[in-house]
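Visitor: Sequence:
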Amino acid sequence: MALAPTRERTAARPPSPTPSRGFWSSTLGKKTVMAVSGLIMLGYLVAHVAGNLKVFFGPEEFNAYGHWLRVMGAPVLHHEWALWLVRIVLLAAVVAHAVSAYQLSRRDIKARPTAYVHRRKRSSYATRTMRWGGIILALFIVWHVLDLTTGTVHPGGFEEGKPYQNVVDTFSTWYGNVVYIVAMLALGLHVRHGFWSAAQTLGVGSARRERLLKVLANALALVLTAGFVSVPLAVMTGVVS
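Okay, so the sequence shown: first residue is 950 according to the numbering used here, each after it adds one.
Honestly, I wouldn't trust all of these hints.
[Claimed, not checked] Pairs of lysine to any residue residues, derived as SDA-like cross-links and limited to a Cα-Cα distance of at most 25 Å, are as follows:
#	residue 1	residue 2
1	K1111	K1163
2	K980	L1053
3	K1163	I1085
4	K1003	G1106
5	K1003	R1019
[To be verified] Estimated spans, in silico, between C-beta atoms of each pair:
#	residue 1	residue 2	range
6	L1002	L1034	19 to 25 Å
7	Y1051	Q1149	16 to 22 Å
8	E1108	V1020	16 to 22 Å
9	W973	H1027	31 to 37 Å
Read the hints as simulated data drawn from the structure, not as lab findings. All figures in this text were calculated on a predicted structure; none of them were measured in a lab. Backbone N, C-alpha and C define an ideal beta-carbon position, used for all residues, glycine too.
Please construct the entire structure, taking both the sequences and the accompanying hints into account.
Guide: Given below as structure tokens:
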């Protein structure tokens, strides 16, 4: 005669983890979050550098671009609603990217508490500096926001609604140029390795596409770095004044 399962035996079974929790706790899940958030930030950087290059067309056009960022989506959206939506999505991507990168780094250290005696020959300079590059970029983001968004650490007098003059003020100082150029060089290395790594994580990469992806990663890194660095160089040389 079969016995019915007791209440105690049923209660003793551990609850199965939810799919979302299991995905995030896995190494693949963290790498996927890191890849997707990185691609979101990459899309923003492409749009951002395109906007920055408008500085070469003079103060009227650049200031008009800055005004458009605050009214985009009108009249459907209220003033700065679209801009704040972009900021929230970007902030979420930055946090997700940083948290997943940190947790993957800690997991790697725990799995390999003793450092390799010899570094792998095939590891590139960008690969070995991804962690430091991420820290540099995180610190730069804070400085950049305080400088050109809130004006808290802006040299001279910060003028709301006049981004052209604010950019010229920042890059008229030696430390503004040093901080920005160093950060953009770190960004180029980060994009160069991160784009190819994200493609591998998301299953886009293959032996046949590997060369194409590396060429695309190098091109993106070069274009972004050159585009961003061109602005402080233009101010330093008097092209933009």
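Visitor: Next, verify each hint and record whether it holds.
Guide: Now for the hints, and whether the structure bears them out:
The suggested pairing of K1111 with K1163 is violated, with an alpha-carbon distance near 39 Å, which exceeds 25 Å. Between K980 and L1053 the alpha-carbon distance is near 8 Å, which keeps this suggested pair within the 25 Å criterion. Of the pairs offered as hints, the one joining K1163 and I1085 holds, with about 24 Å between alpha carbons and a cut-off of 25 Å not exceeded. With a C-alpha separation of about 22 Å, the suggested pair K1003 and G1106 falls inside the 25 Å cut-off, and the hint holds.
Note on K1003 and R1019: the hinted pairing holds, with a Cα-Cα distance of about 16 Å set against a maximum of 25 Å. At about 24 Å, the CB distance of L1002 to L1034 agrees with the hint of 19 to 25 Å. One distance hint, 16 to 22 Å for the beta-carbon pair Y1051 and Q1149, holds here, with the actual separation near 20 Å. The hinted window of 16 to 22 Å between E1108 and V1020 holds, with their beta carbons roughly 18 Å apart.
For W973 paired with H1027, a C-beta distance near 34 Å keeps the hint of 31 to 37 Å intact.
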